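A.B. asks: Starting from the structure of chain A, add chain B where the hints point.
One-letter residues, chain by chain:
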Amino acid sequence: MNLLAALVHLGGTGKYINWGVLQISLANLIIIAVMILMLVVAIALPFPKHESRRK
Amino acid sequence: MITSPADTVIADKDTWTGKIRDRAVKELPPDRLLPDSQPSYVASWAYVFGALSIGAFAVVLLSGAVLAVEGPAWWHKSSAGLFVNSLHMWSTEFFFMFMVVHLWAKFFMAAWRGKRKATWITGVLAFMVSIGTAFTGYLSQQNFDSEWIATQAKDGINSTGAGAFWNVLNFGQMLMWHIVLLPLVVAAVVGLHVLLVRRRGVVPPFAPTNAQLAKAGLSLAPAVSGGGDAPVLEEPLKPPASEPHVQHEPVAAPAVQEPTGQAAASQEPTAGLSSQPLWNLPEAQS
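Residue numbers (the numbering used here), protein chains in the order written: chain A, 1 to 55; chain B, 56 to 341.
The reader is advised that the hints may include incorrect statements.
Computed Cβ-Cβ distance ranges for the label pairs, DEER-style [what the hints assert, rightly or not]:
#: 1; chain 1: B; residue 1: ASN198; chain 2: A; residue 2: LEU7; range: 17 to 25 Å
#: 2; chain 1: B; residue 1: PHE163; chain 2: A; residue 2: ILE31; range: 15 to 23 Å
#: 3; chain 1: B; residue 1: ARG76; chain 2: A; residue 2: SER25; range: 48 to 56 Å
#: 4; chain 1: A; residue 1: GLY14; chain 2: B; residue 2: GLY216; range: 30 to 38 Å
#: 5; chain 1: A; residue 1: HIS50; chain 2: B; residue 2: GLY187; range: 37 to 45 Å
#: 6; chain 1: A; residue 1: PHE47; chain 2: B; residue 2: LEU117; range: 27 to 35 Å
#: 7; chain 1: A; residue 1: SER25; chain 2: B; residue 2: ASP77; range: 52 to 60 Å
#: 8; chain 1: B; residue 1: GLY73; chain 2: A; residue 2: ILE32; range: 34 to 42 Å
#: 9; chain 1: B; residue 1: ALA266; chain 2: A; residue 2: LEU22; range: 34 to 42 Å
#: 10; chain 1: A; residue 1: GLY14; chain 2: B; residue 2: MET231; range: 25 to 33 Å
#: 11; chain 1: A; residue 1: LEU37; chain 2: B; residue 2: GLY246; range: 27 to 35 Å
#: 12; chain 1: A; residue 1: VAL34; chain 2: B; residue 2: ALA219; range: 33 to 41 Å
#: 13; chain 1: A; residue 1: LEU7; chain 2: B; residue 2: GLU82; range: 50 to 58 Å
Source of the hints: derived by calculation from the structure; they are not laboratory data.
This one's a predicted model, so the numbers in the text were calculated from it and none came from an experiment.
We put the beta carbon where it would ideally sit given N, CA and C, even for glycine.
The shape of chain A in the complex, shown without the other chains (with noise of 0.2 Å):
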């Protein structure tokens, strides 16, 4: 938990990321990253398959 906190450091001030008019906080933008992952790795892992209960 320690080491945790050495890498994210969530007492400090908020990271902004400026795109023009669009502002996004870091965090957010990692989220919305992490879910895409989620939405393309869902997709493309192949579901293990199991033998049918019903015969």
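C.D. replies: Only chain B this time, still in chain A's reference frame:
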């Protein structure tokens, strides 16, 4: 003389309770309400995010119930209280993450097809009410963060005209909305959403287009060919009586004509394409 549950339904049709039960059993028979198998196309990770959202929502409700039992001094001061408080916040984060990925996946599947508009709309409602619930949760934190959010939101809410009635600076009102009213609404809408999913079934994938069939070395039968896209059947496909557990939907179901002779010998593998109707596809274990 009443000899079976089915006779009971007929016997009590004249009462309002009998009518409601008759309608409920007709719309959601037990094997559809709690199915023990799903169509083969559900065997994909893209279909799990709805269930993950419900799982996260359950953790949100349980951790919130514990916070309500113990009170603010406990969740602000004690180690266990801080843990449950964090659990409540992080399960909310996961609830929204899973819900957003679920929304994206269903959007790209056009999940409102096949009389599923009400399912889509209740999903949108659940998402919107959840945003309100999370917002009032941020206002109930009792720290500088919540004070900042409340004062910033006050101008926004006032601009909508609702500020006089729905006062984000009124902590008691926001807390009651957060722990009583809005969770009830979210639970009701999510419950309705799940019942509609059970009633209409999980949306099937798009049928292959003529171009995709041609690429795979297949073609549409003359009886149903003629359009640019795969034809959509007007009437829902009727299930065989022997397999009532498989969902049947009015989906595009082109009759696929297998190539013969030299064409068949030279065709590419046709994984994912089948001339079988949906109920003949292999099932996935639920």
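A.B. asks: Now look at each hint and say whether the structure bears it out.
C.D. replies: Now the hints, each set against the structure:
At about 24 Å, the CB distance of B/ASN198 to A/LEU7 agrees with the hint of 17 to 25 Å. Roughly 20 Å separates the CB atoms of B/PHE163 and A/ILE31, a value that falls within the hinted 15 to 23 Å. Checked against the hint of 48 to 56 Å, the C-beta distance between B/ARG76 and A/SER25 comes to roughly 52 Å, which is consistent with it. Distance hint for A/GLY14 and B/GLY216: a CB-CB separation of about 31 Å, consistent with the stated range 30 to 38 Å.
Checked against the hint of 37 to 45 Å, the C-beta distance between A/HIS50 and B/GLY187 comes to roughly 40 Å, which is consistent with it. Checked against the hint of 27 to 35 Å, the C-beta distance between A/PHE47 and B/LEU117 comes to roughly 29 Å, which is consistent with it. The hint said 52 to 60 Å for the Cβ distance between A/SER25 and B/ASP77, and at roughly 54 Å that hint holds. For B/GLY73 and A/ILE32, the Cβ-Cβ distance of about 51 Å falls outside the hinted range of 34 to 42 Å, so the restraint is violated.
For B/ALA266 paired with A/LEU22, a C-beta distance near 38 Å keeps the hint of 34 to 42 Å intact. The beta-carbon spacing between A/GLY14 and B/MET231, approximately 30 Å, falls within the hinted interval of 25 to 33 Å. Distance hint for A/LEU37 and B/GLY246: a CB-CB separation of about 30 Å, consistent with the stated range 27 to 35 Å. Under the hint 33 to 41 Å, the C-beta atoms of A/VAL34 and B/ALA219, about 39 Å apart, fit the expected range.
A beta carbon spacing of about 52 Å between A/LEU7 and B/GLU82 agrees with the range 50 to 58 Å that was offered as a hint.
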